[in-house]
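Participant: Whole structure, please, built from the sequences with the hints as guidance.
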Amino acid sequence: MDWTALGVSLRLAALTSLLLVPLGIWCGRWLATARFCGKGVCEALIALPLVLPPTVLGFYLLQQFGRDAPLGSAWAALTGSGLNFTFTGILLASLIANLPFAIQPIQRAFEHVPVHLREAAWCSGLSPWQTLWRIELPLVWPGILSATALTFAHTLGEFGVILLVGGAIDGETRTLSIAIYDRVQAFDEQGAATMSALLLAISLATLGLVYGLAGRRRWARG
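If you use our numbering, the sequence shown closes out at 222, no skipped numbers anywhere.
Please keep in mind that the hints were generated in silico from the structure rather than gathered at the bench.
The structure presented is a predicted model; accordingly, all values stated were derived computationally and were not measured.
Treat each hint with caution, since some may be false.
[Stated by the list, open to error] Estimated spans, in silico, between C-beta atoms of each pair:
1. Ser73 / Leu18: 25 to 31 angstroms
2. Pro22 / Ser73: 24 to 30 angstroms
3. Ser127 / Leu23: 34 to 40 angstroms
4. Tyr181 / Ala74: 28 to 34 angstroms
5. Leu117 / Asp188: 52 to 58 angstroms
6. Asp68 / Ala120: 50 to 56 angstroms
Each residue gets a CB set at the ideal place from its N, CA and C atoms; glycine is no exception.
Facilitator: Have a look at this one:
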């Protein structure tokens with residue numbers, strides 16, 4: 001087991017989930033309740049990482065993170081360092097690649113909140129923030145938990161985007177999925193099998209959690 005790579009993967013997955021889930025709550029609620037021209041385009045852009053090959057997304061991010069690109073040069077001017085081949089770079093890439101996993105489950109959960117509950121809360125004198133905190137969030141917590149689990153698990157297994165943007169710098173950008181690839185290239189099948197089994201177990205546990213929550217919600221509605 002490559003414990004250093006596992007540590008990088010866990011840190012990346014934890015930070016990605018921590019940063020994306022609050023954004024998912026805000027964006028998911030907005031998409032679930034708002035009606036505006038171009039909403040379909042916004043949803044399509046959020047879902048794009050689901051169908052775009054990771055290497056393609058990684059290639060475009062690699063270009064935009066470069067010092068010659070506006071984003072890369074602005075970051076270099078602010079911090080004095082680049083984004084490519086750094087932990088900050090793969091974190092930013094992970095945030096973009098995991099947008100649909102963080103937003104869509106929460107959006108679907110907010111879409112199932114009856115409109116009359118919000119209206120009743122407002123008529124009772126609750127502010128929009130109080131309505132969100134005291135009425136809506138307790139109802140959509142399964143969606144939030146699903147989004148957190150999916151984001152965490154997908155980040156752990158991400159390969160193409162991370163490899164292109166971060167390379168394989170030990171202790172910095174070399175994640176567990178990249179370590180598995182390296183072990184296969186070195187014909188260390190036992191090492192690759194051990195790390196692959198860990199990612200498989202995490203994936204199965206995540207899917208069990210997500211589908212278990214979905215089944216519980218269907219049972220509750222029935």
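Participant: All hints are to be evaluated individually against the structure, with a verdict given for each.
Facilitator: Verification of the hints:
Between Ser73 and Leu18 the Cβ separation comes to about 28 angstroms, which falls inside the hinted range of 25 to 31 angstroms. At about 28 angstroms, the CB distance of Pro22 to Ser73 agrees with the hint of 24 to 30 angstroms. At about 22 angstroms, the beta-carbon gap between Ser127 and Leu23 misses the expected band of 34 to 40 angstroms. A hinted range of 28 to 34 angstroms holds for the C-beta pair Tyr181 and Ala74, which are about 32 angstroms apart.
The beta-carbon spacing between Leu117 and Asp188, approximately 56 angstroms, falls within the hinted interval of 52 to 58 angstroms. Judged by the Cβ atoms, the range 50 to 56 angstroms given for Asp68 and Ala120 holds: they are separated by roughly 55 angstroms.
Violation of the numbered hints given earlier is confined to hint 3; every other hint is satisfied by the structure.
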